[in-house]
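The opening position of the sequence shown corresponds to residue 1 in my numbering, with each subsequent residue numbered one higher.
Note that these hints are calculated values from the structure, not bench results. Cβ atoms here follow ideal geometry from the backbone N, Cα and C, with glycine treated the same way. A few of these clues could be false.
What the hints assert, rightly or not - As a list, the in silico DSS-like pairs of lysine-lysine whose alpha-carbon atoms are at most 27 Å apart: (1) K267 - K341; (2) K278 - K267; (3) K118 - K20; (4) K143 - K65; (5) K341 - K356; (6) K147 - K341; (7) K325 - K355; (8) K20 - K66; (9) K65 - K8; (10) K356 - K20; (11) K390 - K69; (12) K147 - K61; (13) K267 - K143; (14) K8 - K251; (15) K194 - K278; (16) K118 - K61; (17) K267 - K8; (18) K69 - K20; (19) K61 - K356; (20) K147 - K8; (21) K143 - K69; (22) K61 - K8; (23) K69 - K147; (24) K341 - K390; (25) K118 - K355.
To be verified - For each label pair, taking beta carbons as the anchor points, the in silico distance ranges come out as: (26) A283 - K341: 17 to 23 Å; (27) H202 - S235: 17 to 23 Å; (28) S89 - E9: 37 to 43 Å; (29) T255 - I3: 27 to 33 Å; (30) G171 - E311: 26 to 32 Å; (31) Y200 - G178: 56 to 62 Å; (32) G198 - P361: 40 to 46 Å; (33) E9 - P52: 29 to 35 Å.
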Amino acid sequence: MNIDHFLKEFQTDLIQIRRKLHRCAELSTLEFETGALIRHYLEQWEISYDFPIAETGIVAKIFGKKPGKTIALRTDMDALPLQENADFSYISKTPGIMHACGHDAHMAIALGAARYFKLCENQCSGCIKIFFQPAEETVGGAKRMIKDGCMENPSVDYVIGLHVAPYLETGEIEIKHGNFYAASDEVAITVNGKGCHGAYPHTGIDAIVLASELICALQTVISRNIPPTEPCVFSLGTIHGGSAHNVIADKVELTGALRTVTPDTRKRVQTLIQQLSKQIPEAFGGQGSAVFTPGYDALINTDALVDLFVETAAPILGREHIHWKSEPGMGVEDFSHFLEKTPGVFYHLGCGNQKKGITAPLHSQDFSLDETCLSLGLHLQIALTETLLKT
Numbered sequence: 001m002n003i004d005h006f007l008k009e010f011q012t013d014l015i016q017i018r019r020k021l022h023r024c025a026e027l028s029t030l031e032f033e034t035g036a037l038i039r040h041y042l043e044q045w046e047i048s049y050d051f052p053i054a055e056t057g058i059v060a061k062i063f064g065k066k067p068g069k070t071i072a073l074r075t076d077m078d079a080l081p082l083q084e085n086a087d088f089s090y091i092s093k094t095p096g097i098m099h100a101c102g103h104d105a106h107m108a109i110a111l112g113a114a115r116y117f118k119l120c121e122n123q124c125s126g127c128i129k130i131f132f133q134p135a136e137e138t139v140g141g142a143k144r145m146i147k148d149g150c151m152e153n154p155s156v157d158y159v160i161g162l163h164v165a166p167y168l169e170t171g172e173i174e175i176k177h178g179n180f181y182a183a184s185d186e187v188a189i190t191v192n193g194k195g196c197h198g199a200y201p202h203t204g205i206d207a208i209v210l211a212s213e214l215i216c217a218l219q220t221v222i223s224r225n226i227p228p229t230e231p232c233v234f235s236l237g238t239i240h241g242g243s244a245h246n247v248i249a250d251k252v253e254l255t256g257a258l259r260t261v262t263p264d265t266r267k268r269v270q271t272l273i274q275q276l277s278k279q280i281p282e283a284f285g286g287q288g289s290a291v292f293t294p295g296y297d298a299l300i301n302t303d304a305l306v307d308l309f310v311e312t313a314a315p316i317l318g319r320e321h322i323h324w325k326s327e328p329g330m331g332v333e334d335f336s337h338f339l340e341k342t343p344g345v346f347y348h349l350g351c352g353n354q355k356k357g358i359t360a361p362l363h364s365q366d367f368s369l370d371e372t373c374l375s376l377g378l379h380l381q382i383a384l385t386e387t388l389l390k391t
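Starting from the given sequences, assemble the full structure and let the hints guide the process.
The structure is reproduced here in structure tokens:
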């Protein structure tokens, strides 16, 4: 099937699908109506699928008539707890929940790819899988889908992912070799002292003072231990302690976030934070500890596939519209877990349009996108998949 002809014929449907998905925005792990709508389209187009995967996830499968590679295209499904600030006709029908991260666009593009490959399955070799993944924004649906077998039967050879980016104009993309996004960890620090009356501080151990010393010391973990050329961020976000204005606090709790791009730095910074959290309170007669909860791993593109993607995209976009990301983003993406299992590529798809006033950032109640990016994203996904099927 001719891609250009398909894109022209499917353009109206593509936009309508995205708008329907936009209206039924649902939070992580609760993507029930979203999943039902996706399955409706798959059944209408006679595309087989596995459900449930990771409770609300779906894996669509299109088999070519000849044996060959298996290519997976991944899309995320969940929305965010934000009240949409817009007046167009297809705003979210659920108060306080909206697709502020563009996952509705991702799903529409993925469904378009499923439709295309189903129509030309007689000319295709191998298998195309479409991962409709829940809970990208919170608990990490990628790991759950992998655990439920999405990468098997048949085994995936390559995986492709994209994310819309409003800081790029429609018609532009952003790509990077190697590290694309950081790894994330949550940290919970507890500082214990000894409570007493505020009039007699010498009879206690002030946990607030201990926590203050610790907070200042933690600022040196990155600045004095990690090379300035190594991307790394540690931020404390909350502090809770004390019960009354005239009582010395016996306990303070801190929470924060660590972002790193290499496993060695991740381990080193965790060790330093744990050491300081223990040793500084002890120096003042108290106790302290730090506990890390792993988040997503660093997203690391396969360099050879990045090069292949660029060569595939250049005739579609024009090489001047392909931008190279200079440094890893310190945000996170659980697409990283798929890349730990098989080679793949992840890129940013421009969805902004300054002339139309479409410039609001992701995770904003004003976020919107230029819908002309949908056909372009679909074109790129189809073209790269076809290229990989031939490798």
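Checked hints:
1. K267 - K341: 22 Å, holds
2. K278 - K267: Distance of about 17 Å is within 27 Å: holds.
3. K118 - K20: Holds - the C-alpha atoms of K20 and K118 are around 22 Å apart, at most 27 Å.
4. K143 - K65: 31 Å, violated
5. K341 - K356: Not OK: K341 and K356 at ~40 Å, beyond 27 Å, violated.
6. K147 - K341: At roughly 11 Å apart (the allowed maximum being 27 Å), K341 and K147 satisfy the hint.
7. K325 - K355: 24 Å, holds
8. K20 - K66: 35 Å, violated
9. K65 - K8: 26 Å, holds
10. K356 - K20: Holds - the C-alpha atoms of K20 and K356 are around 22 Å apart, at most 27 Å.
11. K390 - K69: With Cα atoms ~8 Å apart, K390 and K69 stay inside 27 Å; holds.
12. K147 - K61: Measuring from Cα to Cα gives roughly 18 Å; hence the hint holds.
13. K267 - K143: Cα-Cα ~21 Å, so holds.
14. K8 - K251: 64 Å, violated
15. K194 - K278: 16 Å, holds
16. K118 - K61: With Cα atoms ~9 Å apart, K118 and K61 stay inside 27 Å; holds.
17. K267 - K8: Violated, at roughly 50 Å.
18. K69 - K20: This hinted pair is violated, its Cα atoms lying about 33 Å apart.
19. K61 - K356: 37 Å, violated
20. K147 - K8: Status violated; Cα separation ~38 Å.
21. K143 - K69: At roughly 23 Å apart (the allowed maximum being 27 Å), K69 and K143 satisfy the hint.
22. K61 - K8: Roughly 24 Å separates the two Cα atoms, so the pair holds.
23. K69 - K147: Distance of about 22 Å is within 27 Å: holds.
24. K341 - K390: Given that 27 Å is the threshold and the Cα spacing comes to 21 Å, the pair holds.
25. K118 - K355: 37 Å, violated
26. A283 - K341: 17 to 23 Å: Once the Cβ atoms are compared, 45 Å apart, the range 17 to 23 Å for K341 and A283 is violated.
27. H202 - S235: 17 to 23 Å: 34 Å, violated
28. S89 - E9: 37 to 43 Å: 24 Å, violated
29. T255 - I3: 27 to 33 Å: Since T255 and I3 have Cβ atoms about 48 Å apart, the given range 27 to 33 Å is violated.
30. G171 - E311: 26 to 32 Å: 18 Å, violated
31. Y200 - G178: 56 to 62 Å: 58 Å, holds
32. G198 - P361: 40 to 46 Å: 44 Å, holds
33. E9 - P52: 29 to 35 Å: 32 Å, holds
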